[in-house]
Each structure stands twice: as structure tokens, then as C-alpha cells.
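2 protein chains.
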Amino acid sequence: MEEKSQIQEAIKVQGEVVRKLKSEKASKEQIDEEVAKLLQLKAQLGDDGKHTFVLKTAKETLTGKYGEDSKLIYDLKDQGGELLSLRYDLTVPFARYLAMNKITNIKRYHIAKVYRRDNPAMTRGRYREFYQCDFDIAGQYDAMIPDAECLKIVYEILSELDLGDFRIKVNDRRILDGMFAVCGVPDEKFRTICSTVDKLDKMPWEDVKKEMVNEKGLSEEVADQIGEYVSMQGGMDLAERLLQDQKMSQSKQACAGLSDIKLLLSYLQLFQVTDKVVFDLSLARGLDYYTGVIYEAMLTQAGVAPVAAETPNGAPREETASVGSVAGGGRYDGLVGMFDPKGRKVPCVGVSIGIERIFSIMEQKAEASAERVRTTEVQVMVAAAQKNLLEERLKLITELWNAGIKAELMYKKNPKLLSQLQHCEESGIPLVAILGEQELKDGVVKLRIVATREEVPLIQNLHCVSLQLCTLTQKPTTCFFLFVISAFLLNLYLRFIYTSVLVWEAITFSHPKQSILHVLT
Amino acid sequence: MEEKSQIQEAIKVQGEVVRKLKSEKASKEQIDEEVAKLLQLKAQLGDDGKHTFVLKTAKETLTGKYGEDSKLIYDLKDQGGELLSLRYDLTVPFARYLAMNKITNIKRYHIAKVYRRDNPAMTRGRYREFYQCDFDIAGQYDAMIPDAECLKIVYEILSELDLGDFRIKVNDRRILDGMFAVCGVPDEKFRTICSTVDKLDKMPWEDVKKEMVNEKGLSEEVADQIGEYVSMQGGMDLAERLLQDQKMSQSKQACAGLSDIKLLLSYLQLFQVTDKVVFDLSLARGLDYYTGVIYEAMLTQAGVAPVAAETPNGAPREETASVGSVAGGGRYDGLVGMFDPKGRKVPCVGVSIGIERIFSIMEQKAEASAERVRTTEVQVMVAAAQKNLLEERLKLITELWNAGIKAELMYKKNPKLLSQLQHCEESGIPLVAILGEQELKDGVVKLRIVATREEVPLIQNLHCVSLQLCTLTQKPTTCFFLFVISAFLLNLYLRFIYTSVLVWEAITFSHPKQSILHVLT
Numbered sequence: 001m002e003e004k005s006q007i008q009e010a011i012k013v014q015g016e017v018v019r020k021l022k023s024e025k026a027s028k029e030q031i032d033e034e035v036a037k038l039l040q041l042k043a044q045l046g047d048d049g050k051h052t053f054v055l056k057t058a059k060e061t062l063t064g065k066y067g068e069d070s071k072l073i074y075d076l077k078d079q080g081g082e083l084l085s086l087r088y089d090l091t092v093p094f095a096r097y098l099a100m101n102k103i104t105n106i107k108r109y110h111i112a113k114v115y116r117r118d119n120p121a122m123t124r125g126r127y128r129e130f131y132q133c134d135f136d137i138a139g140q141y142d143a144m145i146p147d148a149e150c151l152k153i154v155y156e157i158l159s160e161l162d163l164g165d166f167r168i169k170v171n172d173r174r175i176l177d178g179m180f181a182v183c184g185v186p187d188e189k190f191r192t193i194c195s196t197v198d199k200l201d202k203m204p205w206e207d208v209k210k211e212m213v214n215e216k217g218l219s220e221e222v223a224d225q226i227g228e229y230v231s232m233q234g235g236m237d238l239a240e241r242l243l244q245d246q247k248m249s250q251s252k253q254a255c256a257g258l259s260d261i262k263l264l265l266s267y268l269q270l271f272q273v274t275d276k277v278v279f280d281l282s283l284a285r286g287l288d289y290y291t292g293v294i295y296e297a298m299l300t301q302a303g304v305a306p307v308a309a310e311t312p313n314g315a316p317r318e319e320t321a322s323v324g325s326v327a328g329g330g331r332y333d334g335l336v337g338m339f340d341p342k343g344r345k346v347p348c349v350g351v352s353i354g355i356e357r358i359f360s361i362m363e364q365k366a367e368a369s370a371e372r373v374r375t376t377e378v379q380v381m382v383a384a385a386q387k388n389l390l391e392e393r394l395k396l397i398t399e400l401w402n403a404g405i406k407a408e409l410m411y412k413k414n415p416k417l418l419s420q421l422q423h424c425e426e427s428g429i430p431l432v433a434i435l436g437e438q439e440l441k442d443g444v445v446k447l448r449i450v451a452t453r454e455e456v457p458l459i460q461n462l463h464c465v466s467l468q469l470c471t472l473t474q475k476p477t478t479c480f481f482l483f484v485i486s487a488f489l490l491n492l493y494l495r496f497i498y499t500s501v502l503v504w505e506a507i508t509f510s511h512p513k514q515s516i517l518h519v520l521t
Numbered sequence: 001m002e003e004k005s006q007i008q009e010a011i012k013v014q015g016e017v018v019r020k021l022k023s024e025k026a027s028k029e030q031i032d033e034e035v036a037k038l039l040q041l042k043a044q045l046g047d048d049g050k051h052t053f054v055l056k057t058a059k060e061t062l063t064g065k066y067g068e069d070s071k072l073i074y075d076l077k078d079q080g081g082e083l084l085s086l087r088y089d090l091t092v093p094f095a096r097y098l099a100m101n102k103i104t105n106i107k108r109y110h111i112a113k114v115y116r117r118d119n120p121a122m123t124r125g126r127y128r129e130f131y132q133c134d135f136d137i138a139g140q141y142d143a144m145i146p147d148a149e150c151l152k153i154v155y156e157i158l159s160e161l162d163l164g165d166f167r168i169k170v171n172d173r174r175i176l177d178g179m180f181a182v183c184g185v186p187d188e189k190f191r192t193i194c195s196t197v198d199k200l201d202k203m204p205w206e207d208v209k210k211e212m213v214n215e216k217g218l219s220e221e222v223a224d225q226i227g228e229y230v231s232m233q234g235g236m237d238l239a240e241r242l243l244q245d246q247k248m249s250q251s252k253q254a255c256a257g258l259s260d261i262k263l264l265l266s267y268l269q270l271f272q273v274t275d276k277v278v279f280d281l282s283l284a285r286g287l288d289y290y291t292g293v294i295y296e297a298m299l300t301q302a303g304v305a306p307v308a309a310e311t312p313n314g315a316p317r318e319e320t321a322s323v324g325s326v327a328g329g330g331r332y333d334g335l336v337g338m339f340d341p342k343g344r345k346v347p348c349v350g351v352s353i354g355i356e357r358i359f360s361i362m363e364q365k366a367e368a369s370a371e372r373v374r375t376t377e378v379q380v381m382v383a384a385a386q387k388n389l390l391e392e393r394l395k396l397i398t399e400l401w402n403a404g405i406k407a408e409l410m411y412k413k414n415p416k417l418l419s420q421l422q423h424c425e426e427s428g429i430p431l432v433a434i435l436g437e438q439e440l441k442d443g444v445v446k447l448r449i450v451a452t453r454e455e456v457p458l459i460q461n462l463h464c465v466s467l468q469l470c471t472l473t474q475k476p477t478t479c480f481f482l483f484v485i486s487a488f489l490l491n492l493y494l495r496f497i498y499t500s501v502l503v504w505e506a507i508t509f510s511h512p513k514q515s516i517l518h519v520l521t
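So the sequence lines, in the order shown, correspond to chains A and B.
Going by UniProt numbering, the first sequence opens with residue 1, and the numbers climb by one from there.
Going by UniProt numbering, the second sequence opens with residue 1, and the numbers climb by one from there.
For the record, the hints were derived by calculation from the structure and aren't laboratory data.
A few of these clues could be false.
For identical chains, the list gives no copy identity; a pair is met inside one copy or between any two copies.
Stated by the list, open to error - Here are the simulated lysine to any residue pairs, SDA-like style, with alpha carbons at most 20 Å apart:
(1) Lys446 <-> Ala403
(2) Lys189 <-> Ser23
(3) Lys152 <-> Met410
(4) Lys152 <-> Glu392
(5) Lys345 <-> Tyr141
(6) Lys276 <-> Gln225
(7) Lys77 <-> Arg117
Only a predicted model underlies this, so the values are computations on that prediction, with no experimental measurement involved.
Generate the whole structure from the sequences, applying the supplied hints.
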């Protein structure tokens, strides 16, 4: 083991290397590689007990992960403690957490706020604090199974939310890189050409080609080759065709990616979600830390308002947001290793749902439908028809609250009945329990249905509801009505009983000598 | 209307006044008063359209509200935009929101993170980012009704969480101030003597008295007088006794407070929560913005670990945390007015639940009880007994997911049965659906109960569960069992039917010529 002073010297040198690369705006992988080396050196110092390498949720965690978007990170003022910043997304904190706690396998979702500074050049409609909703599976597993589950989840969410039709594009970093290689793109331009390809969802091919040739220095032939590939989309058939493609098959990397895409699509078929999935070679997501499969979900409905340049789905480069993009993600096998002193890798795959965008769409739909949306779940308003009935209202509402019924009353000693009823109509409260002097003498509370304005007398003691139901059964129509419902319900109960017994025994961890099931079967 | 230049001059002068007061560490009320004047002047400028007074969630919102604790606020670095800070609690943001949106009546709860910097002198166990859980009622209402509801809510929460016995202390700022006045405390020392009284939950009276006399300059007689009062606690009787007290009754303020305490206690009696409520004259909460009733809830169980000096219930002054304090709040009628350019007041009352502290206690209890706590809600593990059954597992799990059952599978092509079963035991998954080659041929899936290790064959198509239940009914024991359960359930159904009809008609806003209820009754 090297002497401490030698390590400290090495740290100084390595620190310089990192600073130099950063000022030269070297490629992200280079910087990250050197940062990792630096962290490893520092960790070596830790082994002698003098300096402990403690991974903190500190500013250094966020640097070097977002490339150009680092300037969008909110830093906290230096007030004498350690330098802190606010998290930019939920993925980097997740990776840091895994490394810090030496976790090798975990599956979790996280719904929380993230913080991004306004880009001073683009200040309109920019969220500075907004929700992200992430789901990630970390661990060394057999290929594509967790990746397929992430896509199944996106499909389920978008289907259930009733946002209209959607598509999920899938692609793979290795296919993109392999494609660039066989088309003749120089290695060091992969990332930057990838960014340009990424603009295809916002710009027509001619403009994208222009950028490749004029700004990024590709020859027209190379650009045209790329153009042929990135216009391809399909399913399993496309993956198979490309594996046979003369050019593409030359790249081992691309073939690995294509095989995995085939595997993924076969799993998605079993998950019954292929109807909305498209293998699309033009998909190139912004974040550099993706290493394998990548995907993006988009709504296809016309009439969806254009999204602000902020990407709600997690990609920090604003240009990545396509109109209608509501979710995105992919596999990122190298990120956790960047936080581990020994560089231990934990493969991860995940997806981020753009819930702020989805909220906007749902709000637009609600407004368009002129449907009333309640802001509370109050079921019963406890009201008084005359003055001096506050005490009775407080008593009744206490009974209702104790019985788990959501009730409220006006915070006035002598509110007018009309005001109380108006409040119900405005708030959408469906029922009113009205107390009145005469009714109190008769031992009755009037239950008013706000929608129909009908009133039903109820015996004040709600536990006597059953008594009232007994009176109902004296009528023949009622009996028939009850019979029909009961027969239907009985069927459901039988199913319920069987499953309940199983679950009950499981939950109570009971070890009966003779399980109820033995009795039953 | 004054000329613009005159207003600008006045703003400059007022700004100086504020700065001077702050540097002199003047009393909080004075500072806030002058800040409000300053804001009003600035607002006047806004009226001419040149400068719009826009209430932003900015750094200025937080200054002047927390007194000495302003140094615990996290400021964001000046990166070229407006100066921002992170919120310190949920109450000031709430007040700001009301003023900004000109809301006069609202009732809301808010569970979210708040941010407090380490006090460099006390760094141990200090949360920097933690959850608060607030409930507030804003609006002009009749006295004590919303205040009583806040206490009912605290009582309900603490009872349901099963944390053991608790007490809720109540007092009133007006009673405290009135008491200080009649005891002979000079006006300008009210706040600082209040802070000292607040330490009674942590220090014995002798030490508190010493601080009053030696540090705060009260005479021994005055301190003794205070001592007599602050040792009093009771209920309605104490409030009545104090209203007759020769000294106390001289203060109009105190009498108003005492009358309100009586009113509050009468409402709490109707809410059935007085068994845990104590009117305690020693309660003096830290926050200066309380104007009326104040309360604090404490657990009384022995063996509860001492709380970190951080107060989880919202009081920014660390000294306020008593051992076992889990909630606190009160009425604050002046806060919203500080954010309104015209100084319009909106009376508010609220409570903050110390959920971080409650979490600690619940965690300790869970550990002590050695009860297993699951981290997922997975109901069924989809497993395979042999190799090459991944496709079948994916198909079955898709059926289960589509049916809304929480299921998972191992992300391996050929996992060992034992590993899958072990995973269930570790995660507490109660059921395993085991696929096997022979069973597949027989069209059967084995359902294994993890707790008992028994296995039950199920026909693969889960929709056929009912068929299997039919076979059950051929056994006499089963019939009896089902009969008993059905009779019980039938009773519940009748009650359910009656209520459902009412609710259904309310929800569907139906106007039947003859309501079903007319038919039934």
C-alpha cells in the first residue's frame, strides 16, 4: 500500500486532471472517469482511519452528472456549514443512496419535488420547483425482465389515467452507438451527434441533417446514412431485419442491443402491452448516463397544448421535450458505481412519469368537460333550522365523526338555514342532517338530499337505522328488491369467504392442527 | 395621493427605521409593525402602475416572522435571479398564500418538508429537512368553534395512533399577558418573560425564577406572583375561579381570555375530548405570532426517549421542545395581515403535528415489539418449480396484475424454487402461485400459503374460482359455516342497501318522479 503522502500527492495531481478536463469542456465520460479515480484515491486515504470517506448528500454529489445543465442546479448560500445544493432529479439521489448504503437490490417508487433554476435565456413558464414521479429497479438480474416491467407500469398508468391514445418508443444506446460507428461517425462525436438526432421530434430531418453537417462536421454521406436508419420504426420484425443488415451487423454493440430489443418485445407481448410500443431508431434521450434500453411515452391526441421547454419527464436538457411527452427512462448501469469508492456497479433501470404535464392535461380536460370537481370529501353537513342549536349540532357531529362519517358544520352559533344549504350546493356536499326544535322534541333528525331537496326523517340515534330498515321489510316490493340484491351479493360473498380464509390464515401466521381449509375440502 | 417622489422618500426613511430596529434587536412586534408600514408604502407606489406590488414566495416573506430564528433559515445562493429562501415552517407560507390570493375563508391540511439550518452551537441529531403536518382554519367565525375542532383533531390523531396516554395543555396569550400585567411585569418585557415561563417544562421553578430575577430584571415579588399563577392547572373550575380572582379580574385582556377558555372547554365537552385536556397557566409557546388560544400535546408514557432539541411541532425556538411534545398550535389573527398591502386581517387557528417525532416513537415501539413490519404490500409471488417457465410466469402475473392483485416475480429466467420461497418468507409475502410442468399439463396452479406451507390446487383460470366454491357447498360443515356468515352479512347488507339508495340518488342527481324511497317507505 502506498504511503499516505504519496496518495495525497496523487490526489492533488488527479484533482488537477479533473479541473483541466472540466475547463476544457471535455466529454462527460472522460470527466466522470477521472472523478471516479479521484474518489477512489481519496477512499484509500480513508482506510488508514485518519480521513473517513463519508458519502454525504452534498453539492459534490450533483456535480459532474448533468453535463451542461449543472448551471440549472440551485446552490444553497455558503452560511458556514458544508456546501449544499437542491436535487435536480430523483435518479442521482437514488444512485447515491444505493452506494451509500451498499444496497445491491431494490425496487422503489418516489414521488417528490425537484428543483431547477430558470435558464436566464428562457424565463417563460419555467417551473422552478415541481413534482417528479420515478420508479426504478436496481440489481443484477437476467436481461430485460425488469426493463419490461418498467414499460408495463408506464402502459398501465397512461391507460388508467384516460389521457387518450399514447405511444411508447423504445430504442437502445448500444444500437445508437453501433449505428453511428457503422455509419462512420468518429467516436468522440457520438454524444453530440446523439443530441442532434434527439431533435428529430421537434425539427424536420433536413434541419437535423444541416446541423450534423454544418455544425457538427459530419460528411453528407455519413449524415444520409444516419438519416436512413433513424427513419426506421417497427417491431420485432425491424429488429430482426437490422440484425441481418449488412452494415449494422458489423457492430457487436448494435447486435447486442438488437437482441435485447427482441427479448424485450417478446416479454412485452406476454405483458400484453405491445399494441402501443414502437421500436424507433430516432429515439435518443438526452441524459448521458443511459447505457442500454431507452424509452419515451407520448400522447398522440391532437389538441394537447404544447409543453413548456421544461421536460417534466426528467431529462435535464430542455431541448429533449417533445410535444406530448409524458414519461421517459431507460437503463443506467454505471451511475451507482460513480458514487462507490471502489466503483462497484449496481445495474439500474427506471422510468420517470411527467406528472406535472399530466396534471395540466387533466386540468384542461376537466375544464373542457365543465364537470364539477369537489375539493373536499365531506358527506354530511350538520345544520340547524333555528337559532340556539349549536350544542345539538356539536353533539350530532361528534357522533358522526366517531362513526367515521365525514361531516362538517358552520362555525357560527346561529347560522341561517339558507346559508348552510347554499354552502352544501357550492361545495357539492350531498347530504344535510337538519336539526330543528320540533324534530328534536319528536326525537328525529331530518336527512336532506341536496340534489333532490327531498327530506327523510331519521331517528336521532343512528344506531337505530336497523330498526327503520325493519319497517321497510313489511312491504312486498321491498322484499323482492332485497331478495334480488341479496342473491347477487351472496354469490360475491362465497367467493370472498374462500379467499378470506386463505388470507386470514396467512396473515395471522396461524398453525392450526387442522386448517379450516382441510375442513372445507 | 402623495407624489411618487414623496412616497419613495418615505420608503427610504421607513427602510432605515426598520434596519435600525433590527440592529437594535428591538421587540418583534415593533419590527413587524414597521415592516408592515414599509410594505404599505411600497404598495402605494404600485397603484400608479409603474411598480407592481407582487407578493412572491421570496426571501422577504420569511424575514421578520421568526425573530431570533431567522438565522436558521436556508438562503439560496445569489445566482443572478431573485433572492430566495427555503420555507422554515408551513404556517408563514399559508398566511402568505391567503394574502396573495385574497382568500378569506379556508380550511386545509398540509403535509410537507420544511428546512432549518443547523445551529452551529448545537449540531447533534439536528434534522435539516423534515416533515411537518399542519391543519389550519382561516376565516372570521364565532369564537372558539374552529379552535375546538383543531383540538378534536389532535385528540383523534393521537388516540388512533395508539401512542399511549397523552395530555393536551391549553392556555391563552391574553391570559398570559393579562397575568404579567397584573403581576407587575413591564409591558416591554412581556415577550421575554413569556420565553422564560416557557422553560418550565424543562427547568424547575427555582431556576426559572432565578432567570426572571437575575437575567430579566424582575423583582422577587413579581416573580413570586407569577410563580403562584403558573403553577395552576385545572378545567372549567379554574377558569371560573380566576375570573373571580381579585388580581386577575383587573385585566380586561385576561378576562376575555378566561371567558374564551370556558367557552372552549364547553365545546370540548360536547366533542367528548375533555378527559385529556388541561387548562395550564404555565403553557407559553414560543412563536410570537399567537394572539389567542394556544395548546400543546404531550405523551405521558415513561420510557419515551428524550426528544432532540429540534421541535417537531413547529416552534422554531429549540428551547420550546418539551420531552414528549408531539403537537402544538394556537390562534394567530395577525399573520395574514402582515402580508396584505392594505393590512387586511384574516383570523386563523391551527395545529402542527410533530410527525417526525411520532415516527420515532412508532419505530421504537415496533422494534421493541419485535413485530415484523413489511415494506411492500405484495400479496402473491409468482414462482416456478422447474426451469424454462418464465413465459408462463409472465403470463400468469399479467393476469393477476390486470385483476388488480399485487404480485411480483423474480427477475431470473430459471430461479430456484427455494430462493423464491425464501424471498417470500423474508418479505412477508403471504401467498405463492407455483407453476410446475405437471401442474400445467393438468391445467392447475398450486397456491401455497407461506405461513403454513400448505398447498392448494387452483384451476389455472382464476375466473373459475366460483366453480371451486361450488364444490365446497357439497359438504355439510361448509353449509353451516356459510349460513352463519351469511346471516351476519345479510344484516349488514340491509343497512348498506338503505344508505346506498340515499347516496345513489344524491350522487346521480336523479329526479325520479317517484323516488325509490317513496316506494320503500
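So, going through the hints one by one against the coordinates:
no., hint, result
1, Lys446 <-> Ala403, "within (18 Å within a copy, 41 Å between copies)"
2, Lys189 <-> Ser23, "within (18 Å within a copy, 58 Å between copies)"
3, Lys152 <-> Met410, "between (47 Å within a copy, 16 Å between copies)"
4, Lys152 <-> Glu392, "between (54 Å within a copy, 17 Å between copies)"
5, Lys345 <-> Tyr141, "within (13 Å within a copy, 61 Å between copies)"
6, Lys276 <-> Gln225, "neither (28 Å within a copy, 78 Å between copies)"
7, Lys77 <-> Arg117, "both (14 Å within a copy, 11 Å between copies)"
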